[in-house]
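S.K.: Residue-level listing of the chains:
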Amino acid sequence: DGYKVAFSQIGQESDWRTANTDSIKAAIEGHEGWELIYDDAQQKQENQIKALRNFITQGVDVILFTGVVSTGWEEVLKEVNDEDIPLLLIDRLPDCIDQIDYVAAFGGDFVEEGRRQVAWAGEYLKAQGRGDEKVNVVIMEGTTGASAQVGRTEGNLAAIKEYPNMTVVGQQSGNFTRAEGQALMESWLKSIDKIDVLIAQNDDMALGAIDAIKAAGKVPGKDIIIVGCDSVKAAFDAIVAGEMNATIECTPLYGPFVVETIEKLIAGETLSKTVIHPEEGVYDMDGGIDLGTVVSVKAADVIDQRQY
Amino acid sequence: MMSDNRNSSGRSLISSILNPKFIMVYATVGIFLVIYLFGVVAYGSKGFTTLRTFTNLFVDNAYYGISAVGMTMVLITGGIDLSVGAVASLTGMFIAYGTAVLGLNPWVCIAFSLVVGVGLGLLMGWVIHYLNVPPFITTLTGMFLARGVCALISRESIEIKNETIDALASWKLYFMYLKDGEWTRIRPSAFVNFNVILFLVVLAVGIYLLQRTRFGRNIYAIGGNEQSAKLMGLPVGRTKVLVYGFNGLCSVLAGIAYALYVKSGWNLSLQGAELDVITCAVIGGTLLTGGEGYMIGTLFGVLLKSMIPALITFNGNLLSWWGKIATGLLLLLFICIQKIVVSSTERRNSKSKKAAKNKA
Amino acid sequence: MPDNNILEMRQIEIQFPGVKALDKVDFSLRAGEIHSLLGENGAGKSTLIKCLTGVHHKDGGTIILNGREIQPQSPQNAIELGISTVYQEVNLCPNLTVAENIFVGRQPMKFGQIDWRTINSRARELMRRFHLDIDVSRPLSYYSTAVQQMVSIARAVDIQAKILILDEPTSSLDDNEVKLLFQVMRDLRAEGMGIIFITHFLDQVYAVSDRLTILRNGHLVGTYNIEDISKVELVTQMVGKDMDTIFNLKRVDVDKDAPYVLTASHIGIPGQVEDISINLRKGELMGFAGLLGSGRTETAEMLFGATKTANGEIELNGKKTEIRKPYDALMHGMAFCPEDRKVDGIIGDLSIRENIALAVQARRGFMHPLSRKEQNDLADKYIKALGIATPDAEKKIGELSGGNQQKVILARWMATDPNVLILDEPTRGIDIGAKAEIQRLMLEMCEKGVSVIFISSELDEIIRCSNRIVVMRDREKVAETDGANCTQEKILAIIAEGAQGAGGTKS
Amino acid sequence: MKQRLNLSVLMRSKVTWAVVAEVLILIVCLIVRPDFFSISYQPSTGMLYGNLIDIVNRSSEITIIAMGMTLVIALGGTDLSVGALVAVAGAIALKFLRWDVTVYNTPGDYTVYPFFLVLVVPLLVCIVMGLFNGFLIARWDMQPIIATLILMVCGRGIAQILTNGKQFTTGYSPFRVIGQGSFLFLPMPIIITAVVVILVSLFVRKTAFGTFVESVGINRKASRLSGINAQLIIFIVFALTGFLSGISGLIYSSRIMSNDSNNAGLNFEMDAILAVVIGGTSMTGGKFSLLGTVLGSIIIRTIVTLVYYFGIASEATMAFKAVIIAVVIVLQSEPVRNYFSKRAASRAKLANGGVK
Ligand SMILES: Nc1ncnc2c1ncn2[C@@H]1O[C@H](COP(=O)(O)OP(=O)(O)OP(=O)(O)O)[C@@H](O)[C@H]1O
Ligand SMILES: Nc1ncnc2c1ncn2[C@@H]1O[C@H](COP(=O)(O)OP(=O)(O)OP(=O)(O)O)[C@@H](O)[C@H]1O
Ligand SMILES: [Mg+2]
Ligand SMILES: [Mg+2]
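One line per chain: the protein sequences are U, W, Y and D, in this order. Under my numbering, the first sequence is numbered contiguously, ending at residue 308. Under my numbering, the second sequence is numbered contiguously, ending at residue 360. Under my numbering, the third sequence is numbered contiguously, ending at residue 507. Under my numbering, the fourth sequence is numbered contiguously, ending at residue 356.
Be aware that one or more of the hints could be misleading.
Restricting the straight-line Cα-Cα distance to at most 27 Å, the calculated cross-link-like pairs of lysine-lysine (BS3-like) are [as the list claims (entries may be wrong)]:
hint, chain 1, residue 1, chain 2, residue 2
1, D, 206, Y, 395
2, Y, 395, D, 287
3, Y, 250, Y, 381
4, W, 230, Y, 162
5, Y, 282, Y, 448
6, U, 161, U, 126
7, W, 161, U, 273
8, Y, 282, Y, 320
9, Y, 20, W, 230
10, U, 134, U, 214
11, Y, 396, D, 342
12, D, 221, W, 339
13, U, 134, U, 78
14, Y, 231, Y, 490
15, U, 78, U, 4
16, U, 218, U, 233
17, D, 342, Y, 325
18, U, 194, U, 126
19, Y, 24, Y, 162
20, W, 339, Y, 308
21, D, 221, Y, 308
22, Y, 396, W, 230
23, U, 298, U, 273
24, Y, 342, D, 221
25, D, 287, D, 342
26, Y, 256, Y, 319
27, D, 342, Y, 373
28, Y, 308, Y, 325
29, Y, 396, D, 287
30, Y, 395, D, 221
31, Y, 342, W, 339
32, Y, 373, D, 287
33, Y, 448, Y, 320
34, U, 264, U, 4
35, Y, 396, D, 206
If you are wondering where the hints come from, they were derived from the structure by calculation, not from laboratory data.
Build out the structure end to end from the sequences listed, making use of the hints.
M.R.: See below:
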């Protein structure tokens, strides 16, 4: 029997997630001697718990885990610990991370991403010489309660304080979907007199909003600055077409990291427990905006290398 | 276990075991066994045959089961309740918010949830019966309301950190065996927890209520023909209101079980659970037209429905959506069986009508 | 009036939207009497008792039970007050067992649990009292309507109330069963119970009751001792016309050489009805006689394609025809008024107009709709022709009385200009006036050359109207006789003989 | 007198209460934010622009489905599969537009298969799925709610598996026209909806189809015995509902130029049923009102739009919706209507007496 790697994935709710799944699947299935047991929980916590329990029954060798919510994993993860199965936490990390044993944790920094979104807009305005102009910002949130929404909102709001010229005039949920992003933007354009910046907590909502902005007779990317998140291919296209301004990367390509970690694990190395954040970029129309932790890259330059 | 097999003579015992009204239950059990056997053959080597797989069916689905008990009653009256998932979710939220944010005693939260859940159930029952609003619409509104309140309380998932809850959640009864004079857990460990016990208790209460009390028989009568039940002098209004109240209670208990299961409250948890619960009951042989259904059937319905995702996970390579498709097919299969059984008993009925008539 | 009235209803008024169902009606019942309540369809009989049992709430008047004024709120309330009722439509739960139907709501309890053993044994005893030896632990739906009717009577009797109400309990019982029921009623009377009995069979009224009350159009006509009123007088009081004008009907003569319009040879469904052959001439009225459950309805349904025929073939106007569904029959000029008009006939929430136009429309297909004017014309024509009592054609058919509903369904089929008209118990549950009216219409159709198959459980009306009579027994056609010189005795003899014959050869 | 009586008849009608509810909601808006009602012409897109337009525009998907749902409910059933069919239609359309997708491609203004296939295949598949529902219900006498639950459960799975769980995007401009184009100064979905509503109404009311549906819904057996082909009627109604769900799915996916099998049509079945019921059609079957349904659908969308417009926290959306629907439904309930109509009648009597 091969080395059994079990992966409990949240679901297939977006392009990002699909890319994430594909990356990990490809990496593990491509590795000689490894067998992947994959479970997709369809965005349901209970399904994930069931899957984890099932993995234990099957006696897998290592479990990759990302939780649909941040809470409520203690019990089942302890069970995993009890059975001495190494646990690899990826992407969305559980709140109980301090109380359980894991071999490594790897995931995006949602708060930082949220901060970057606002910071990009702020710096961009400064670069345009509009640094002192009063601008109205709307924040289009993701599905309420999802850890990405919680983290990014925290980052968004914290960063807004750094830019006194920005005022939040709207903050509602577009549920991470294009359709709702579109409908929400449509309404905002009517209820709010002036919108200068749209911070959309994922690219899908931003892409939806672009259509609504066009329908309102405004020019997306010019009249309204649009900052998305995730950096999916469609967002790159929109940026290159000049309809969107920037997207903050949140990479789904965990495959290489996962393989490396598991190999180390098999080799018997001890791993550090500090949470590792992947290197992520910021992509925009022209590049060169300095956000402190990262400098933005021109989207058109890298669009051909994008995998998802 | 069932109602009528307490007949005095042996002849009637056999005849009541063979009573066509139990056929659907047998069908459920039969399909369960077939699929279980399939699992054994296909994934036996992966650990499907372990006791753990079986106990996990209970441990992982106790909250569905608890809710399905109440739902079965509602369905037998000929009604439907779409609010169960939302009420359960709301219960989790009350417990999480109450203990984590307000620092209340969990029992206070549970008591409060019971008042709200049962109250909402009773209210919906009242609206359904006395205002004559269809159950589908009434309970859909109830679902919106419960979800809405849930989201108003908190939109983030709240972790439950409380000693009492922790103790309840982590209490487990392991299956042991004697090895070298010492009790050892079987491997992979199999256990039952508080939720399973709660489920079995609720199930027992459900059986008792349905088969051994006037209240339960009134439920069947209402499902058989509400107008007749009324003319027979049965307390139709009261019974219906109480049934929705009881279902509210079950939803709250399911919510508690779910909260113990995930130890958190989240406003989006258990979305779509109502249809899963209804599916369990239907697979268990309960008719949505009312008047037919047994708790035992529902139990097997729950086990059957939860075995499908388990099999998909054992396979480990299928898109989980195949699970959905398999559930749909199972439903189809089941209804076909139901159809065949019903039409064959009807045929038998018409023959026996002839016989009875001749005798008379 | 002697003062042992256990029940007095005074000046009862009930108003339904658009109808005054009861207008200042008085009614009284003594202990130890059987009191018949009579009246045409829609006279308000059922309404009066439903008012007593709390189904409807009265808009005026007082009800006094044992000297105390009561306000029954619900049937439950009425049972508590000692009033036990068998309603007009069977009101039991088909999914519950026979035993449970008898005891539901008042099950004997033991140790906080229902005592199933007692329920079943007591139910078995009770059914034996009605000479029914059936398995009481089977669901009610397992048994025929007659058994169900008996179960519902058994339940009402077992409640041991002071007042027992029977609203048309005999409509689906055969003679023996009716006799049995009367015996039980007399026993109960002897025990001092007051019984209210509603029926459309006048013979039964005379057979069992002590007094009778007549209602007409929601008004009280009067209360009489049974000895004081003759049948003729009674009918006159009920209908407001006298008996002769009602039953002045004549059989239609048929040409002996008239062509056959419908020939069925050896049709049947194994296990249900077998080997039925009939041939029907143009303009002929063929009566189907037989006991309840003898297979007449099934034969009619087979002819009309309502149930699929397994064997045999049907010829229409000399041509072999496949009739697989009612639509086929309709297209071949057949028409069928089903037995259970509430369940199989009326479309309750549609208007009279829509109900009348339905079959014509079905024949044309939905892509060729009748215009509103055509529909109105049809409706007006038949409302007038059949004397349907309604303020206008837009009234919902569900709100009409039974007899008028039956006429609307007849109108639905007459509008299609059928060659063959099958009427299954068109007069069941219908008052004498309407009954005569329907028979008259039937004969008129024959006169116009329509062939009619007429199924009825009342031999006298079959004999009165039919040209030929088919006698059925045990799902078989046992004889065919000429209508003109046939008597009740002769048919009964055929049925009885068939019984011996069948018993001899088959078992 | 006549008029007074009519008032009491009006009070008895459920549609009246739906109108009252919608008007009340809008009056509240008018008081709080008069600018809610402004409509202007948007030269760049050639469309009228305003909240009211949005409400009608965004209600299109539900309205179109609810046309079919009205007939289904008039038949005494419910169709739970419509939402899943929306997802299926979108998935197939995008699959045909983007058959070339292997990994993640740039959405260009092109289509892989001819455009008519993109439109026709999803609709055909939806019709077939509708026929499947119809088959289970008409031929096997299944209860509609259960029969359609099968596809509700499976449908989304089928959509996911068709697209292998991926979300495709397209830039094909003819496809964009369906959801984002304009005609006669109005957004295309409004036009499509109007056409659907008119065609369905004509089909139902100018032929005898509507009467047959009501007849079968009230008493299927009696209808059959009267010569109506009840099975055919059921087949047509479910196939039509499938077809309309397909149209709705095309509009939905054209609005976002992508398929989204997770979210497309999510809970549409509930909204459509609500729209029908608020519109005054009884869930027990029988008489129905298509116009009422349109109104019901608009009421539901008005609520959502208001939530967005007034910036009501998204947390409150559900509760807000619940309260409004609860009020409408209680107002429409039989006892309440009877109460009002009795009062109207007695007031009419009083007034008459007063005059005399
Ligand atoms: N629920 C109701 N709503 C409106 N009208 C009704 C209702 N029930 C009965 N009616 C009307 O009241 C009148 C009396 O009806 P009722 O049923 O009492 O007649 P009946 O004497 O029992 O007739 P039958 O011999 O046909 O049973 C009829 O005109 C009937 O149409
Ligand atoms: N729906 C049914 N289901 C089962 N058995 C039935 C059904 N209808 C009739 N039967 C049985 O079939 C037999 C023939 O019934 P049918 O109705 O044809 O007789 P009938 O002569 O018309 O009697 P009736 O006067 O009661 O209508 C009866 O014994 C009856 O019990
Ligand atoms: Mg009556
Ligand atoms: Mg018959």
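S.K.: Given the hint that residue 221 of chain D pairs with residue 339 of chain W, does the C-alpha gap stay at or below 27 Å?
M.R.: Between residue 221 of chain D and residue 339 of chain W the Cα gap is close to 18 Å, so the pair holds against 27 Å.
S.K.: Between the alpha carbons of residue 161 of chain U and residue 126 of chain U, is the straight-line distance 27 Å or under?
M.R.: holds, 15 Å
S.K.: Given the hinted pair residue 194 of chain U and residue 126 of chain U, is their Cα-Cα distance within 27 Å?
M.R.: Distance of about 19 Å is within 27 Å: holds.
S.K.: Does residue 448 of chain Y pair with residue 320 of chain Y here, judged by a C-alpha cut-off of 27 Å?
M.R.: Holds, at roughly 25 Å.
S.K.: Take a quick look at whether residue 342 of chain Y and residue 339 of chain W sit within 27 Å of each other, Cα to Cα.
M.R.: Roughly 26 Å separates the two Cα atoms, so the pair holds.
S.K.: Is residue 395 of chain Y within 27 Å of residue 221 of chain D, Cα to Cα?
M.R.: holds, 22 Å
S.K.: Are the Cα positions of residue 342 of chain Y and residue 221 of chain D separated by 27 Å at most?
M.R.: Holds, at roughly 11 Å.
S.K.: Would the pair residue 231 of chain Y and residue 490 of chain Y pass a check requiring their Cα atoms to be no farther apart than 27 Å?
M.R.: holds, 25 Å
S.K.: With a cut-off of 27 Å on the C-alpha distance, tell me whether residue 20 of chain Y and residue 230 of chain W pass.
M.R.: holds, 24 Å
S.K.: Residue 24 of chain Y and residue 162 of chain Y were given as a pair; does the straight-line alpha-carbon distance stay at or below 27 Å?
M.R.: Holds. Residue 24 of chain Y to residue 162 of chain Y sits at ~25 Å (cutoff 27 Å).
S.K.: Please work out if residue 134 of chain U and residue 214 of chain U have their alpha carbons no farther apart than 27 Å.
M.R.: holds, 23 Å
S.K.: Is it true that the CA of residue 161 of chain W sits at most 27 Å from the CA of residue 273 of chain U?
M.R.: holds, 24 Å
Hints 13, 17, 23, 27 from the list above are not met by this structure, while the remaining hints are.
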